[in-house]
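Visitor: Can you build the whole structure from these sequences, using the hints too?
Residue numbers (the working numbering): 205 to 628.
Source of the hints: derived by calculation from the structure; they are not laboratory data. Honestly, I wouldn't trust all of these hints.
[As the list claims (entries may be wrong)] Each computed DSS-like pair below joins lysine-lysine, with the alpha-carbon atoms no more than 30 Å apart:
{"id": "1", "residue 1": "Lys-449", "residue 2": "Lys-280"}
{"id": "2", "residue 1": "Lys-576", "residue 2": "Lys-526"}
{"id": "3", "residue 1": "Lys-263", "residue 2": "Lys-526"}
[As the list claims (entries may be wrong)] Each pair of labels, with its calculated beta carbon distance range:
{"id": "4", "residue 1": "Val-208", "residue 2": "Ala-468", "range": "21 to 27 Å"}
{"id": "5", "residue 1": "Pro-577", "residue 2": "Pro-209", "range": "49 to 55 Å"}
{"id": "6", "residue 1": "Ile-261", "residue 2": "Ala-376", "range": "50 to 56 Å"}
{"id": "7", "residue 1": "Ile-261", "residue 2": "Ala-491", "range": "50 to 56 Å"}
Please read all numbers here as calculations on a predicted model, not as lab measurements. Ideal placement from N, C-alpha and C gives every residue a C-beta, glycine not left out.
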Amino acid sequence: MSTVPQTITEKILARAGGVPAVSPGQNLPFRPDHMVAYDFPGYTDVMFKQMHDDFGITKLDDPERYLVFIDHMLTKGDEREEKIHQVTRDWCEFYGVTLHEARGIGHQVTAELGYALPGRFLIHFDGHVSGLGAFGALGWGVRRDLLEAWVTGQIYLDVPGSVRFDLSGEFAPGVDNRDLIHAIISRLGADGCAHQVMEFGGPGAATMSIGRRQGLCGMAMFTGAVSAIFNPDEVSLEFAKRVAKTPYEPLFSDPDASYTGRHAFDLSTVEPQVVLPGSARSANTHAVGELAGTSVTKAFIGSCASGRIEDIRAAADVLGGKKVAAGVELNVVPTSAEIHRQAEGEGLLDVLRTAGANIATSSCDFCFGYQKPLAEGENCISTGVLNISGRMGSTAANIYMGSAYTVAASALTGRISDPREVRE
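Guide: Structure (structure tokens):
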């Protein structure tokens with residue numbers, strides 16, 4: 205065991221690298237506990253072929269480390285979809301890899317199935333795997349370098365530094381984690397945590413539910429960070445106890461660990477934020493009041509960042525007993541089938557249906573413009589993870605991003621609205 209003070213990220217990587225300690229800047233091989241992917245043309249189908257044809261791999265020593273999900277392209281039911289998914293099914297069957305199909309968005313289902321345990325190291329080609337940091341695990345998006353780990357069982361990475369965020373206070377009504385991450389981006393810039401890991405702590409962090417933490421960590425890439433993480437606490441350890449099927453070892457930052465920077469945020473002072481179309485860059489983020497009155501035709505609550513039970517409760521809180529504005533289509537997509545069942549059981553989906561919302565089966569399809577794509581000239585207010593041109597359909601449509609509170613409030617009025625005013 206190292207006597208050098210370490211952050212939780214450094215401890216997880218040291219364990220994964222089989223060394224006593226690591227320090228920022230070192231390039232070392234690390235053995236992930238799990239290597240995750242969802243099937244997507246141009247990614248998994250190519251890597252499947254490369255593994256077999258280019259590297260001659262016909263058997264995996266540890267197939268349980270491979271996690272594969274079908275959570276994209278599920279909503280048209282056409283021949284093209286079936287062909288894409290059959291390639292994945294065949295690969296998983298050949299290599300003895302368990303396939304998780306149509307159970308919800310993989311970043312969420314990974315946690316529900318007990319893989320994102322405290323102290324674990326997981327990689328994915330998709331950077332939103334950083335959301336698993338809510339559980340005290342390290343989730344790292346490595347893009348096509350995932351193939352290196354699939355083929356060799358390990359991956360060389362540069363050890364990142366950590367930026368500490370000391371959170372105090374509690375969110376005011378109508379404000380949540382999406383407002384916090386956009387406020388952070390606004391203050392620090394879109395590269396404010398470049399190549400680092402965002403570590404959240406302090407008494408404010410303890411007030412956040414697991415779902416809120418997931419949503420916060422899952423958007424880390426928009427600060428330039430490689431990941432984000434919370435130290436395990438009573439909330440995350442209780443979740444782990446409920447879902448774990450294998451032993452795990454929680455790790456914690458040492459009190460005297462070194463950080464590349466520290467920032468303090470009082471959650472009670474965070475206001476609702478809206479991101480202008482184009483990107484999540486700092487210059488595009490504004491307080492909701494600055495954009496109030498902008499008309500919207502579509503509204504979307506869902507994605508790996510903002511379709512959890514807290515988001516659905518937020519929407520029901522705003523829309524309960526009211527109706528979505530004429531001319532606005534509100535689509536709500538729970539992040540997983542489990543969350544869908546919970547929301548149904550709590551009566552939340554009935555509240556939203558009565559208000560005029562459409563409830564869709566869990567998938568990633570709305571978020572990347574595959575299901576009900578936006579048409580030219582439409583304005584959409586969204587809890588999706590990205591708002592670059594063409595992300596949700598036409599390149600001539602506009603995507604504004606906000607929290608579930610803000611999206612629901614805007615759907616109610618037909619224009620971008622402050623949820624604190626609508627809830628009064």
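Visitor: All hints, please: hold or fail.
Guide: Structure-based check of all given hints:
Of the pairs offered as hints, the one joining Lys-449 and Lys-280 is violated, with about 35 Å between alpha carbons and a cut-off of 30 Å exceeded. Distance check on the hinted pair: Lys-576 and Lys-526 sit about 24 Å apart at the alpha-carbon level, within 30 Å; holds. This hinted pair does not check out: Lys-263 and Lys-526 have alpha carbons roughly 57 Å apart, beyond 30 Å. A hinted range of 21 to 27 Å holds for the C-beta pair Val-208 and Ala-468, which are about 26 Å apart.
A beta carbon spacing of about 50 Å between Pro-577 and Pro-209 agrees with the range 49 to 55 Å that was offered as a hint. Ile-261 and Ala-376 have their C-beta atoms about 53 Å apart, which keeps the hinted 50 to 56 Å range intact. The supplied range of 50 to 56 Å is met by Ile-261 and Ala-491, whose beta-carbon atoms lie about 52 Å from each other.
Checked against the numbered hints above, the structure violates hints 1 and 3; every other hint is satisfied.
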